[in-house]
Amino acid sequence: MTKTSLHAVLPWLVLALLAALVLLLPLPVAAAAPRARRFRIEASQFAYSPAVLRVNPGDQVTIELAPQDVVHGLSIDSYPVDLQADPGQVASLTFTADRPGVFKLRCSVTCGNMHPFMTGKLQVGPPTLLWRSLGLALVALAAALLPRFK
Amino acid sequence: MKGVAEFDLAMRSADARRGWRARRFDLAALPWLRPFIESRWPLFVTRSLALAGLVFTILAGLLGPRVGSHNFAIILVWIAWWTALKLVFIPLGGRSWCSVCPLPMPGEWLQQGNLLGGLQKPHGLGLRWPKKLRGAWLQSGAFLLIGLFSAVTLTDGRVTAWVLLALILASVGLSLVFERRAFCRYVCPIGGFTGPYARFAPVEVRVKSSSVCAAHSEKTCYQACPWGQYPLAMRDSAQCGLCMECLRACPSDNIALSLRPFGSDLGAAHQPRGLDEAFLALVMLGSALAFSAVFTGPWGWLKSAAYQVGSLPWLGYSAGFLALNLLLLPGLFAAAAWLHRRLSGSPAQLGKIFAQQAQALYPLGLFTWMAFTVSFAFPKFYLVAEMLADPLGLGWELPGLAALDFGWLQQVGPGLQAAILLAGLAISLRLARQLAQASVTNRSPVLAALPVSLFCVVYTGWVLWMLVG
Chain L
232 MTKTSLHAVL PWLVLALLAA LVLLLPLPVA AAAPRARRFR IEASQFAYSP AVLRVNPGDQ
292 VTIELAPQDV VHGLSIDSYP VDLQADPGQV ASLTFTADRP GVFKLRCSVT CGNMHPFMTG
352 KLQVGPPTLL WRSLGLALVA LAAALLPRFK
Chain W
1456 MKGVAEFDLA MRSADARRGW RARRFDLAAL PWLRPFIESR WPLFVTRSLA LAGLVFTILA
1516 GLLGPRVGSH NFAIILVWIA WWTALKLVFI PLGGRSWCSV CPLPMPGEWL QQGNLLGGLQ
1576 KPHGLGLRWP KKLRGAWLQS GAFLLIGLFS AVTLTDGRVT AWVLLALILA SVGLSLVFER
1636 RAFCRYVCPI GGFTGPYARF APVEVRVKSS SVCAAHSEKT CYQACPWGQY PLAMRDSAQC
1696 GLCMECLRAC PSDNIALSLR PFGSDLGAAH QPRGLDEAFL ALVMLGSALA FSAVFTGPWG
1756 WLKSAAYQVG SLPWLGYSAG FLALNLLLLP GLFAAAAWLH RRLSGSPAQL GKIFAQQAQA
1816 LYPLGLFTWM AFTVSFAFPK FYLVAEMLAD PLGLGWELPG LAALDFGWLQ QVGPGLQAAI
1876 LLAGLAISLR LARQLAQASV TNRSPVLAAL PVSLFCVVYT GWVLWMLVG
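Keeping their order, the protein sequence lines are chains L and W. Using my numbering, you'd call the opening residue of the first sequence number 232 and step up by one each time. Using my numbering, you'd call the opening residue of the second sequence number 1456 and step up by one each time.
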């Protein structure tokens, strides 16, 4: 390989390595010991309160669903969770948060026109996908700004 | 007809693209495909079926269940069709949807006075579209209007039906007053959405040889084009509806329907761009951001505000939506364009730079809409299956449809959204660099590209936070 072509290729190799590190390296976040967590979620058209639940991987999570106006449900993407309750009643369920990531809470009972968009969020551990994606965005920025060799 | 100066410019620009055919594949040259392109029947049959579907959808919207997730019109239009438009029609076919869109058909038939004959003896007043209303300003306004009422339109079958009826009536009225497809070119909000992003798609209609066109004085292609396009002068595919009337009218077989590399229309710094196009690109970015917040975010108060049309919260939502689209994003991008001007040393006016640099926003906008669609529609595909199993809401359970499992879509969704967004960002950053490279003389293109690139990165970060954070 000539000196010029090495100069041309080296920055791209470094960026490729950087992208691989961003994708594969574990995030520098200390793992917390699993514990029991309990959330009472009040549901009303078309909101959960609280709408964002943050837990650590391995936590035993108990959710109490308490509809305030009409019948509501609560399911969580990628978790076997599905609760339904009438107004004035409380439905609860306990599960282990063993899948890290960010998952949508969704109302599983038709509760009005905006029902398909009644969502919340369960965050298990740090939002790894977001941080890695932001890292890759910066790598893409660096790649776009690299000097061009002719 | 285009002026002589524009004709000369087109000639030079066409000749400047020497070797373009080396990177193009002419689909119209395929012997087995050619008859389907030349004949009007395939598009006519497809559009007629789409028109029948549209009539059924409007009736279902008006007469079907009030709850959106149980209404055929809502599921078909806002989940099935909207998903197909953003994930298939636009990225792979540009304005291909426009070639089969049923909305302008009744108006077009009345204007033509026939179903299949093309633009021979147009009926109606045949006025030219007013100069002051040309460009993408009206379409930006129409898209903003839809954004203000989006929560109701997307969830109430009656509202969806009335919007579709209004679009049909508008197209009929405009077809009888103005020439050609004035509605599609200047008013239709869907056209406003598909047109700009058609520049990215890998399909184009262009002339094969500019000299053949120069020797042809009748310009039958221009006379036949319902979109008012002169193929030789087309600088991009934003206003080409892929109807292929030019190919049918050309006596010299000089029109090609080509596959091309993605993004072929973008990145040319020397071509004039309008502020209206730049503004539309920013409205598309702002609307994608607002829709992501309303429809996929966890903020219940925002959903309620967007839904309660006419209430005080809705006025607040409207003010925020308009401020985002008319002030915040244009302001930030104007700042980026100003910095670019300073860093590149370009003598061009700020408005011109603003319009030129906005080209970099098209891939970002298109890919953001695609990522939003994955987030918005994928978790609701089970509704499409339920609708197909019982399209009239009569309690049917057509076998095998309602039981389809779409759970896996929810699992791949976030990763797919992030990948789509990053792909769009990468393409936009490349374009920003390309545009900067072309605009600097003795300055660093890296520094000149930085402001628009940072705008793109910050916007992407914002959307990532909303969709996968």
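The set of hints was computed from the structure by calculation and includes no laboratory data. Glycine included, C-beta positions come from ideal geometry on N, C-alpha and C. Errors might be hidden in some of the hints.
Said to hold, decoys possible - Each computed SDA-like pair below joins lysine to any residue, with the alpha-carbon atoms no more than 20 Å apart:
{"hint": "1", "chain 1": "L", "residue 1": "Lys-335", "chain 2": "W", "residue 2": "Trp-1682"}
{"hint": "2", "chain 1": "L", "residue 1": "Lys-352", "chain 2": "W", "residue 2": "Leu-1902"}
{"hint": "3", "chain 1": "L", "residue 1": "Lys-335", "chain 2": "W", "residue 2": "Leu-1730"}
{"hint": "4", "chain 1": "L", "residue 1": "Lys-352", "chain 2": "W", "residue 2": "Leu-1485"}
{"hint": "5", "chain 1": "L", "residue 1": "Lys-335", "chain 2": "W", "residue 2": "Leu-1838"}
{"hint": "6", "chain 1": "L", "residue 1": "Lys-352", "chain 2": "W", "residue 2": "Arg-1583"}
{"hint": "7", "chain 1": "L", "residue 1": "Lys-352", "chain 2": "W", "residue 2": "Trp-1756"}
{"hint": "8", "chain 1": "L", "residue 1": "Lys-352", "chain 2": "W", "residue 2": "Phe-1833"}
{"hint": "9", "chain 1": "L", "residue 1": "Lys-352", "chain 2": "W", "residue 2": "Gly-1862"}
{"hint": "10", "chain 1": "L", "residue 1": "Lys-335", "chain 2": "W", "residue 2": "Pro-1753"}
{"hint": "11", "chain 1": "L", "residue 1": "Lys-335", "chain 2": "W", "residue 2": "Gly-1786"}
{"hint": "12", "chain 1": "L", "residue 1": "Lys-352", "chain 2": "W", "residue 2": "Leu-1767"}
Said to hold, decoys possible - With the C-beta cut set under 8 Å, the calculated list includes, among others, these residues of chain L facing chain W:
{"hint": "13", "residue": "Leu-248"}
{"hint": "14", "residue": "His-346"}
{"hint": "15", "residue": "Gly-356"}
{"hint": "16", "residue": "Leu-360"}
What the hints assert, rightly or not - Simulated restraints on C-beta separations:
{"hint": "17", "chain 1": "L", "residue 1": "Ala-373", "chain 2": "W", "residue 2": "Trp-1756", "range": "49 to 55 Å"}
{"hint": "18", "chain 1": "W", "residue 1": "Gln-1866", "chain 2": "L", "residue 2": "Pro-257", "range": "18 to 24 Å"}
{"hint": "19", "chain 1": "L", "residue 1": "Val-321", "chain 2": "W", "residue 2": "Asp-1860", "range": "50 to 56 Å"}
{"hint": "20", "chain 1": "L", "residue 1": "Ser-280", "chain 2": "W", "residue 2": "Leu-1902", "range": "29 to 35 Å"}
{"hint": "21", "chain 1": "L", "residue 1": "Val-321", "chain 2": "W", "residue 2": "Gly-1862", "range": "22 to 28 Å"}
Hints and how they fare:
1. Distance restraint check for Lys-335/L and Trp-1682/W: the Cα-Cα separation of roughly 44 Å exceeds the 20 Å cut-off, and the hinted pair is therefore not satisfied.
2. For the suggested pair Lys-352/L and Leu-1902/W, the alpha carbons sit about 39 Å apart, so the restraint of at most 20 Å is broken.
3. Taking the CA atoms of Lys-335/L and Leu-1730/W, the gap is near 39 Å; set against the 20 Å cutoff, the hint is violated.
4. Restraint check for Lys-352/L and Leu-1485/W: not satisfied, since their Cα atoms lie roughly 51 Å apart, outside the 20 Å limit.
5. A hinted pair counts as satisfied when its Cα atoms are at most 20 Å apart, and Lys-335/L with Leu-1838/W qualifies at roughly 18 Å.
6. In summary, the hint linking Lys-352/L to Arg-1583/W is not supported, as the alpha carbons are separated by about 52 Å, beyond the 20 Å threshold.
7. Restraint check for Lys-352/L and Trp-1756/W: satisfied, since their Cα atoms lie roughly 15 Å apart, inside the 20 Å limit.
8. Restraint check for Lys-352/L and Phe-1833/W: the C-alpha separation of about 17 Å stays at or below 20 Å, so the hint holds.
9. With a C-alpha separation of about 17 Å, the suggested pair Lys-352/L and Gly-1862/W falls inside the 20 Å cut-off, and the hint holds.
10. Restraint check for Lys-335/L and Pro-1753/W: the C-alpha separation of about 9 Å stays at or below 20 Å, so the hint holds.
11. Restraint check for Lys-335/L and Gly-1786/W: the C-alpha separation of about 33 Å exceeds 20 Å, so the hint is violated.
12. The hinted pair formed by Lys-352/L and Leu-1767/W fails the criterion: a straight-line CA distance of about 27 Å is larger than 20 Å.
13. Using the Cβ-Cβ criterion of 8 Å, the hint placing Leu-248/L at the interface with chain W is not satisfied: the shortest such distance is roughly 17 Å.
14. Nearest Cβ of chain W to the Cβ of His-346/L: about 6 Å, under the 8 Å cut. The hint holds.
15. Nearest Cβ of chain W to the Cβ of Gly-356/L: about 13 Å, over the 8 Å cut. The hint is violated.
16. A hinted interface residue such as Leu-360/L counts as satisfied when its beta carbon comes closer than 8 Å to some beta carbon of chain W; here the least separation is about 5 Å, so the hint holds.
17. For the hinted restraint 49 to 55 Å between Ala-373/L and Trp-1756/W, the CB-CB distance of approximately 39 Å leaves it violated.
18. Taken as a hint, the range 18 to 24 Å holds for the pair Gln-1866/W and Pro-257/L, whose Cβ atoms sit roughly 22 Å apart.
19. A hinted range of 50 to 56 Å is violated for the C-beta pair Val-321/L and Asp-1860/W, which are about 30 Å apart.
20. Hint check: Ser-280/L to Leu-1902/W, Cβ distance near 48 Å, so the stated range 29 to 35 Å is violated.
21. As the Cβ distance of Val-321/L to Gly-1862/W is approximately 27 Å, the hint placing it in 22 to 28 Å holds.
In summary, the structure is inconsistent with hints 1, 2, 3, 4, 6, 11, 12, 13, 15, 17, 19 and 20 from the numbered list given earlier, while agreeing with the others.
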